[in-house]
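Enquirer: The primary structure of each chain is shown beneath.
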Amino acid sequence: MVSSAIADARVGGLISAHHPLGTSTGHLTELRGHWDMLVTRALEVSTLAVELAALSEPEFLGLCAWLASSGRELPFRFLSIHAPTKHRELPEAELVERLLALPPTVDAVVVHPDSIEQPHRYAPLGSTLVLENMDSRKPTGRTSAELEPLFAALPDAGFCLDVPHAQSIDPTLDGAHQLLDAFGERLRHVHLSSLDEDCHHVPLRPADEEAFTPVLQRCLDVPWILEAPLPAR
Amino acid sequence: MSDTPHGALERLAEHGRRGFPHLLEARRRTERDLATMQRRLGDVPLDSGASIVLMGSWGRRERTIGSDDDFLVLIDGDERAGARPALADLEGVLGAGEAKPGTQEIFGTQVFVGPLARKIGLEDDSNSNLTRRMLLLLESLPVLGPEAYRDSFAQVIDGYLAGQAKDYRPPRFLLNDLIRYWRTICVDFAGKARADERKWGLRNAKLRLNRKLLFAGGLVPVLLCHEHRRSEQREFLIDQLQAPPTDRLAQAFLRFDAADAGVRALGAYDRWIGRLDDQEVRDRLAALTRSEAAEDPLFREIRRLAKEFEQGLLALLFETPLSPMVRAFGVF
Numbered sequence: 001m002v003s004s005a006i007a008d009a010r011v012g013g014l015i016s017a018h019h020p021l022g023t024s025t026g027h028l029t030e031l032r033g034h035w036d037m038l039v040t041r042a043l044e045v046s047t048l049a050v051e052l053a054a055l056s057e058p059e060f061l062g063l064c065a066w067l068a069s070s071g072r073e074l075p076f077r078f079l080s081i082h083a084p085t086k087h088r089e090l091p092e093a094e095l096v097e098r099l100l101a102l103p104p105t106v107d108a109v110v111v112h113p114d115s116i117e118q119p120h121r122y123a124p125l126g127s128t129l130v131l132e133n134m135d136s137r138k139p140t141g142r143t144s145a146e147l148e149p150l151f152a153a154l155p156d157a158g159f160c161l162d163v164p165h166a167q168s169i170d171p172t173l174d175g176a177h178q179l180l181d182a183f184g185e186r187l188r189h190v191h192l193s194s195l196d197e198d199c200h201h202v203p204l205r206p207a208d209e210e211a212f213t214p215v216l217q218r219c220l221d222v223p224w225i226l227e228a229p230l231p232a233r
Numbered sequence: 001m002s003d004t005p006h007g008a009l010e011r012l013a014e015h016g017r018r019g020f021p022h023l024l025e026a027r028r029r030t031e032r033d034l035a036t037m038q039r040r041l042g043d044v045p046l047d048s049g050a051s052i053v054l055m056g057s058w059g060r061r062e063r064t065i066g067s068d069d070d071f072l073v074l075i076d077g078d079e080r081a082g083a084r085p086a087l088a089d090l091e092g093v094l095g096a097g098e099a100k101p102g103t104q105e106i107f108g109t110q111v112f113v114g115p116l117a118r119k120i121g122l123e124d125d126s127n128s129n130l131t132r133r134m135l136l137l138l139e140s141l142p143v144l145g146p147e148a149y150r151d152s153f154a155q156v157i158d159g160y161l162a163g164q165a166k167d168y169r170p171p172r173f174l175l176n177d178l179i180r181y182w183r184t185i186c187v188d189f190a191g192k193a194r195a196d197e198r199k200w201g202l203r204n205a206k207l208r209l210n211r212k213l214l215f216a217g218g219l220v221p222v223l224l225c226h227e228h229r230r231s232e233q234r235e236f237l238i239d240q241l242q243a244p245p246t247d248r249l250a251q252a253f254l255r256f257d258a259a260d261a262g263v264r265a266l267g268a269y270d271r272w273i274g275r276l277d278d279q280e281v282r283d284r285l286a287a288l289t290r291s292e293a294a295e296d297p298l299f300r301e302i303r304r305l306a307k308e309f310e311q312g313l314l315a316l317l318f319e320t321p322l323s324p325m326v327r328a329f330g331v332f
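Those protein sequences? They're chains X and C, same order as listed. According to the working numbering, the stretch in the first sequence is residues 1 to 233, in order. According to the working numbering, the stretch in the second sequence is residues 1 to 332, in order.
So that you can see chain X by itself, here it is in the shape it has in the complex:
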């Protein structure tokens, strides 16, 4: 057992202590919308796990078209798609239809609880649907108490633990443990980074890495998705 929960997973770096570790494409802002290049960059981190983050609706529509292109094959063993949270124009029912039409190789569709209008509309996604806990800026979906009614309405939905989001609500991370106590059986993957004062994802700080370790040790079996690049070591 390594002393740190996280090791550098870059090619040529230290051997990762965790399997699988992958990246979100959300922090590759300079390549936004260029899915070929985003996937190439993601493959440099891991060929095993990825989250393709389509955070705005136009990006999501572009991703749908890109994934539907003929002969598209992705090597990842864990493929998550982050559903859009910004610039939403599609009616919710239509958005869900498009999420349902994603390729069968998609393992998880991450949806923010505060973007859900009518939970029952998401039920057809079954266990592909994954709800993520929110940060302190959001009005809901932050704690186990706030998430409980959504999971009750969507009994097949999985859970994505965003560790820094939980930290933004409760710096002691007791809240993160409470989320795992409540929804750990549904846990499908973890989002990992640090947050700046505006709750933007930034590279993981050593102090956070240490603070997160007890939480991450309860998540040894699921993919960890980096929402910011690993810091240089």
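No lab work stands behind these hints: they were computed from the structure. One or more hints might be untrue.
Said to hold, decoys possible - Simulated restraints, written as ranges between beta carbons of each label pair:
#	chain 1	residue 1	chain 2	residue 2	range
1	C	R194	X	D170	48 to 58 angstroms
2	X	H34	C	A328	37 to 47 angstroms
3	X	H87	C	E14	20 to 30 angstroms
4	C	R183	X	E73	24 to 34 angstroms
Just so it is clear, CB atoms sit at the ideal spot from N, CA and C, and this is done for glycine as well.
Position chain C against the provided structure of chain X, taking the given hints into account.
Expert: For chain C alone, coordinates are given in the frame of chain X:
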């Protein structure tokens, strides 16, 4: 922490909200059906040193509606004529109708313990001999002749340990044979699928889940032998391997502080057993060809459960104190 794996699944269930309702119900069904079977076989003539052994879902204590009777008549010593019970003595009770054992003539026959324990490796160790020996060790349950069964079981363990075991080392002979068996299952699956696509979906799902449980449930106790002197390894393995594989794995998850991963892994397996207990699900899976499976919602669900199960097993093997043993002995 208890040293025996028996009952570990229930202890692990206390760490989650959902528990393992399908697995525990399947255990209860196995116990009920075993008692019924024992009553029906009560008058069958049994030689000294003979036992009737059930394998497959019986041995894993996870009988569901479509389970068949994978049985062997296990007889001490070398092959001889006239050993009892004869197969004719069991007609109508074991393997009748839908419960007929289905695996390539491996089951439903008399098997003599001498060759089973002696012929390990080389030409004489046929695929059938390997399969019977491994299933006896990994997922077996006596229906009649429990003492003879235990003696036979110990003879097979001895076949691996005698002259081979070392203090505080996993027994390599057994470990290599176990890994060989798992890889043989995988290769044979692919070979069979090339020749005949029928039941591809159901067989693939069982490979991903039931067979993987079988392998991991054997691998963990064999690796844990590194904690024991060679004189203790025999009894340790007998105690471990006679518990259901779900108990063996549950105990390991608990012991290595990986209860969260264990709850998820065995929770996924529990949901699979629940699905397997639905005839419509079995029929749908059995009808699926490989080309249809990728787009099929049911198969996608099962594949997801299988991934969750595998991830938990990998965490147990590679992210707990078992990891050095896997690294030292699992590859070469």
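Enquirer: Quick check: which numbered hints come out false for this structure?
Expert: 3
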